[in-house]
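Novice: If you read the protein sequences in the order shown, they are chains A and B.
Residues 5 to 111 (my numbering) make up the first sequence, in order.
Residues 1122 to 1546 (my numbering) make up the second sequence, in order.
Simulated from the structure, these hints should not be mistaken for laboratory data.
For each residue, glycine too, the CB sits at the ideal point set by N, CA and C.
Possibly wrong hints are sitting among the right ones.
Listed next, the in silico DSSO-like pairs over lysine-lysine satisfying Cα-Cα at most 30 Å (straight line) [said to hold, decoys possible]:
{"#": "1", "chain 1": "A", "residue 1": "K59", "chain 2": "B", "residue 2": "K1477"}
{"#": "2", "chain 1": "B", "residue 1": "K1448", "chain 2": "B", "residue 2": "K1330"}
{"#": "3", "chain 1": "A", "residue 1": "K61", "chain 2": "B", "residue 2": "K1126"}
{"#": "4", "chain 1": "B", "residue 1": "K1126", "chain 2": "A", "residue 2": "K59"}
Ranges between beta-carbon positions, derived for each pair [as the list claims (entries may be wrong)]:
{"#": "5", "chain 1": "B", "residue 1": "D1500", "chain 2": "A", "residue 2": "A64", "range": "42 to 50 Å"}
{"#": "6", "chain 1": "B", "residue 1": "P1374", "chain 2": "A", "residue 2": "N109", "range": "54 to 62 Å"}
{"#": "7", "chain 1": "A", "residue 1": "K61", "chain 2": "B", "residue 2": "A1317", "range": "42 to 50 Å"}
{"#": "8", "chain 1": "B", "residue 1": "Q1437", "chain 2": "A", "residue 2": "L27", "range": "21 to 29 Å"}
{"#": "9", "chain 1": "B", "residue 1": "D1446", "chain 2": "A", "residue 2": "Q104", "range": "52 to 60 Å"}
{"#": "10", "chain 1": "A", "residue 1": "L27", "chain 2": "B", "residue 2": "E1248", "range": "37 to 45 Å"}
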Amino acid sequence: MTQTGIALDDIVEIDDFSNPTLLALAVRLEHSTAFQQLIAREIELDELWRRLDTKLKTTADDAAARGQRATLAAVFDLVWQAHDLAGAEQPLEAAARLRQACALNIS
Amino acid sequence: MLSPKDNEYVSRVGDGTPMGTYVRRFWVPLMLSVDLPEPDGTPQEVRIYGEDLVVFRDTTGRVGVLQALCPHRQAPLVYGRNEQGGLRCIYHGWQYDVTGTCLDMPNEAPDTVFKDRVRAEAYPTHEAGRVVWVYLGPRDQQPQVPDMEWMRVPDDYRNVHRFRVEGNWVQAMEGDVDSSHIGFLHKSLRDLRDPASAPVESRYQALDKAPKWVIQPTDYGMMIAARRNAEDDTYYWRINQVMLPFYTSVAAPLDGSAGLLHMWVPMDDTHTYVWTVMWRTQRPMTARERDDMVDGPNAHVGTYDPATGGLRGNHQNRFFQDRMDMKTESFSGIFGIREQDAAMTVGMGPIVDRSKEHLGAADSAVIALRRVLIKAARDLETGVEPYAPYHGDVYRRRAWSAVLPRNDDFLNDPVANQMHESLVP
Chain A
5 MTQTGIALDD IVEIDDFSNP TLLALAVRLE HSTAFQQLIA REIELDELWR RLDTKLKTTA
65 DDAAARGQRA TLAAVFDLVW QAHDLAGAEQ PLEAAARLRQ ACALNIS
Chain B
1122 MLSPKDNEYV SRVGDGTPMG TYVRRFWVPL MLSVDLPEPD GTPQEVRIYG EDLVVFRDTT
1182 GRVGVLQALC PHRQAPLVYG RNEQGGLRCI YHGWQYDVTG TCLDMPNEAP DTVFKDRVRA
1242 EAYPTHEAGR VVWVYLGPRD QQPQVPDMEW MRVPDDYRNV HRFRVEGNWV QAMEGDVDSS
1302 HIGFLHKSLR DLRDPASAPV ESRYQALDKA PKWVIQPTDY GMMIAARRNA EDDTYYWRIN
1362 QVMLPFYTSV AAPLDGSAGL LHMWVPMDDT HTYVWTVMWR TQRPMTARER DDMVDGPNAH
1422 VGTYDPATGG LRGNHQNRFF QDRMDMKTES FSGIFGIREQ DAAMTVGMGP IVDRSKEHLG
1482 AADSAVIALR RVLIKAARDL ETGVEPYAPY HGDVYRRRAW SAVLPRNDDF LNDPVANQMH
1542 ESLVP
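Pulled out of the complex, with its shape left as it was, chain A reads as follows (with noise of 0.2 Å):
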C-alpha cells in the first residue's frame, strides 16, 4: 500500500469519467514508478479512454450538443495523450494531462 491508498501495482476499475476519477487516476500515475504500475496505469487510461469514445459516439451531433461534444472531444484527446505517454513512462506528463482535462470540468 502507498500513500494513494492503493497497491500500484494493482488495477483500479474505472466506472466514469467524473473528475474525481480523473484526479484519483492522476495521483496514481504521479506516484508511478515502476514499469508494472505503468503498465496497470496504461490499462486504466484504456478504459477510460474507451468509456469516453462510447460517450463521444452516442452523443447527439447537433447544436444543441455541440458545446458537450466539443468539451468531450477535448478530454478524449487529452485522455489519449495522457494514455500514450504513460506507455512512454513519462507518468508526470500524463497525470498533467488528466488534470488538463479536469479543468474542463466535464462531469
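Since the structure of chain A is provided, determine the placement of chain B on it from the hints.
Specialist: Quick look at chain B alone, frame taken from chain A:
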C-alpha cells in the same frame, strides 16, 4: 489499446523503419542446416524483414546469403548453378561467392574491370544449434549469437520446426505472453469440466483462470510470471521469458525435464516464420516424442505441410475446426496447439487494429511486450545502443514452472531466482 501511430511503429520492420532498424541489430534464425544438406546443393529462397534472399552452401561447405536477384539483370539466383565456390546465375553466367564478390563474368571481355566493380549484397552467416543464422544489420555493429539453452544440448536432444503463417510477427508473438489463454484455447473439455482429476498443472490452470502477474523488464527483454493459486499454502508459477527481439521461452514442465521456445521471425510486415524448438535437458528425445510433436493427440504442430512450408490449416478452411469435437472433447475444436494459436492471431487480420481493443488486467503482459519493443526501438532512434545483441550470454535464461510456498516478494525469492538459470552447462 495502441494508437494507430504506435501500432504502425511496433509492427513494421521494412528497411528504414525504426523497428526494422532495431531488429536488424540481431542475428536472425534463417533456416535449418538440414535444408542445405550438401556442398553445391540446391539453393533456397527466403524472405526476412521484407528482403528477398537466396541461401546456398558452397563447395567448401560455407553458407552464403545473397540478395535474391542477380545484380546484372535482376534474374533470380535461386535457379543458379551452385559450383566451384559460388553461385552462378544461369541467365548470363555471372558468379558470386559467399562474400558477394563477383568471381566470373563470362559474357564480358576477359580483361574487363567491370567484374571488379560489381558485387552482390551478401550477409554474414553462422551455424549453431543446427540452424543457419544471418545478420542483416550494419557491418560494424555485428552482434553476438544468442547463447540459448537449446543450442547447447546435443542434436538428438532437440526438435526444431519452422513454418510460415500469415499475419504480423508481433501479434503472433503476443499469443505466447498471453498466459490466461491457455486456460481456454488449449484446454480439453475434460480438464475444464473436472479439474480435480486433471493433471496437476492443468488443474491449477483450470481452477484459477485469472492469474496474478509479476512483470519485470530485464536486460534481455522481459520476465513474465503468472501466479495461480495452487494448494492452500502454495502458488503455481509459470514464468515465461521474452528475449529480444522475437524469442519467447514458454514455461517448462514442473520437473524441468524439457524446454520450449518460439522464434517469431518477420518475413515481412504481414507474414511470419514461426519456429518451435522443444528440447530435453537430460536425455535424447525419443522417436515417440518427436512424432508426437506433429502426430500426437496433443500435437504441437498438427497440420504442417512440407510442400509449402506452411500449415494446411488456415483461415479459409477454418483450421479444420471440428464442431462435434468442441461439444465433446476440446474447447477449440482445432487440432494442433500452433494451429489453435494461429486461428486466433491470423484471423485478426494482417496487422491487427489495436486501437479497437479492450484490454484488461489479464492482458498486462501483452501491453508490456509492446512497450518493451517500442522502447527498445525508440532508444536506438535516440542513439542508445541495445544491450542484448552484444551480450549473447543473457539469452541463457530459461522459462520454468513450479509450485512454491506462498511468497509475495517473488522477485527477491532466492528459489525463484535460481530457477531462471539454465539447466545445461
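Novice: The structure should be examined with respect to each hint, and the outcome stated for every one.
Specialist: Hints, one by one, checked against the model:
Simply put, K59/A and K1477/B have alpha-carbon atoms about 15 Å apart, close enough for the 30 Å limit, and the pair holds. With a CA separation close to 21 Å, the supplied pair K1448/B and K1330/B stays within the 30 Å bound. Pair hint K61/A plus K1126/B holds up; C-alpha atoms about 22 Å apart against a cutoff of 30 Å. Taking the CA atoms of K1126/B and K59/A, the gap is about 23 Å. The hint holds against a cut of 30 Å.
Taken as a hint, the range 42 to 50 Å holds for the pair D1500/B and A64/A, whose Cβ atoms sit roughly 45 Å apart. Hint check: P1374/B to N109/A, Cβ distance near 56 Å, so the stated range 54 to 62 Å holds. For K61/A and A1317/B, the Cβ-Cβ distance of about 46 Å falls inside the hinted range of 42 to 50 Å, so the restraint holds. Look at Q1437/B against L27/A: about 51 Å separates their beta carbons, and that is not inside 21 to 29 Å.
Taken as a hint, the range 52 to 60 Å holds for the pair D1446/B and Q104/A, whose Cβ atoms sit roughly 54 Å apart. The beta-carbon spacing between L27/A and E1248/B, approximately 59 Å, falls outside the hinted interval of 37 to 45 Å.
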